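Participant: Residue numbers (my numbering), protein chains in the order written: chain F, 1 to 131; chain R, 1001 to 1285.
Derived from the structure by calculation, the hints contain no laboratory data. Bear in mind that the values here come from a model prediction, so they are computed numbers and not experimental data. Please note: incorrect hints may appear among the correct ones.
[As the list claims (entries may be wrong)] Partial list, computed: chain F residues near chain R (C-beta under 7 Å):
# : residue
1 : Asn24
2 : Val69
3 : Glu83
4 : Ser94
[As the list claims (entries may be wrong)] Computed list of lysine-lysine pairs in DSSO-like fashion (alpha-carbon distance at most 30 Å, straight line):
#  : chain 1 : residue 1 : chain 2 : residue 2
5  : R       : Lys1055   : F       : Lys77
6  : R       : Lys1233   : F       : Lys102
7  : F       : Lys104    : R       : Lys1218
8  : R       : Lys1272   : R       : Lys1152
9  : R       : Lys1167   : F       : Lys77
10 : R       : Lys1208   : F       : Lys104
11 : F       : Lys82     : R       : Lys1055
12 : F       : Lys102    : R       : Lys1152
13 : F       : Lys41     : R       : Lys1233
14 : R       : Lys1167   : F       : Lys127
15 : F       : Lys44     : R       : Lys1233
[Stated by the list, open to error] Stretches of chain F that chain R covers, calculated by requiring three or more beta carbons in the stretch to come under 8 Å of a beta carbon on chain R:
#  : region
16 : 32-38
17 : 72-79
18 : 85-91
Ideal Cβ positions, reconstructed from N, Cα and C, are used throughout, including at glycine.
The lines below spell out each chain.
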Amino acid sequence: MSKNAIIAGLAVFVAAALFPFWFNIGGTNAAPEIELSAKAKAAKKCVLDKYDMRANHMTILNDWRTSVVRDSNRMYKSANGKEFGMSLSTGEDSCLGCHTDKEKFCDRCHTYASSAPYCWECHTDPKEVTQ
Amino acid sequence: MNNSRKSFLKKSRRSFLKAAGISAVAIGAAPAIKAVAVASGGGGSASSLPVVSPKAEALSAKRWGMAIDTSKITDEVVESVVAACRNAHNIPDFTIEPDEEKYPKTRPAKKMQEIKWIWEEHYQYAFPEMEDEFLAEKYKVLPFLVTCNHCKNAPCVQACPTKATFKRPDGIVIMDYHRCIGCRFCMAACPYGSRSFNFRDARPFIEKINPEFPVRSKGVVEKCNLCAERLAKGEQPACVEASEGAIVVGDLEDPESEVRVLLNDNYAIRRKQELGTEPSVYYIM
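Next comes chain F alone, as it looks inside the complex:
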């Protein structure tokens, strides 16, 4: 007699546990394509190579901040020989100096990955000001 109740309960449980999977079936959840700005495309080389950047850009930003604020070292000569100003958003040789479109470069992936870095609480996208 309790067999039916157990099976029904199990069915409900399995359905609930698999909710994220069946809920997203048929949805369009393809990873977003990052669009490089013309300037970034022309520059070819970033601080690290593409996959390293993808995985480690947050560590780099963290290290850069420490270097700039604590040691007053503001120039970074990368292992590939290119020089950068160690800044997220100020100057032509900063991150946003090359990756000019924050919306298409930063936000797309962060939104997709539900990551909400607090960089922009304080740092300013120069484009946002001129708009």
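Fit chain R to the known structure of chain F by using the hints.
Facilitator: Chain R in isolation, oriented as in the chain F frame:
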């Protein structure tokens, strides 16, 4: 049987000693081999490691300090200095009306929530210990500019529990806003009131955001950074540029520097010297 066992043992011992000897040599030689490898092969890869450095045009000093010529401070100079600092560092002005469209329903801010980096103060408040009975009349009305003193023995640095506030080797007392937890111990420790707490989101109260410098988020303390970001680009601090020669910033440890020459030629005082914080801001009287 006994014999063969003996020979087996003998042989085994011999080979054991051989192996042990070779191992000992190998272990002993390992550091030397490694050192050689680093010196030859590692040398090439060391040059391709990232290198950090200050900008070539950066200004440097053994200990940054400031001299303010009080005779040159007028109301106009005060106004332009405060405005220059405000624009350079995105300091909110709570007297302005926020843009209703961009920031709807922004509550007006209280006077006590104001953010100050450099501001006007009267002599009797800037130098409360100097209670001269017959103080020259002019000092009672003269505007004084006060700011962070970038003390040699900064009490705020000692008070900060997270090392968000720290002293750079060149004497600038500076903050890492990322690290500030907003405990306000530094504000209690600073005898000059040079620190302000962000009770509010500053953005609605900034007329025009300067993208060259970040805004601060709600919940952190902030203060004058002696324009470290401008010194790093080889520029003088914003207040110096706006002050028409009333403010001079330079190296206190260099007897040839402009600041030291001024201090040598004039009588200068510092705020609350008796506390032993060794302020780096001098007022030429």
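Participant: Against this structure, judge whether each hint is valid.
Facilitator: Against the structure, the hints come out as follows:
no., hint, verdict
1, Asn24, "34 Å, violated"
2, Val69, "5 Å, holds"
3, Glu83, "9 Å, violated"
4, Ser94, "10 Å, violated"
5, R/Lys1055 x F/Lys77, "11 Å, holds"
6, R/Lys1233 x F/Lys102, "25 Å, holds"
7, F/Lys104 x R/Lys1218, "27 Å, holds"
8, R/Lys1272 x R/Lys1152, "13 Å, holds"
9, R/Lys1167 x F/Lys77, "26 Å, holds"
10, R/Lys1208 x F/Lys104, "25 Å, holds"
11, F/Lys82 x R/Lys1055, "15 Å, holds"
12, F/Lys102 x R/Lys1152, "41 Å, violated"
13, F/Lys41 x R/Lys1233, "28 Å, holds"
14, R/Lys1167 x F/Lys127, "34 Å, violated"
15, F/Lys44 x R/Lys1233, "27 Å, holds"
16, 32-38, "violated (count 0)"
17, 72-79, "holds (count 8)"
18, 85-91, "holds (count 4)"
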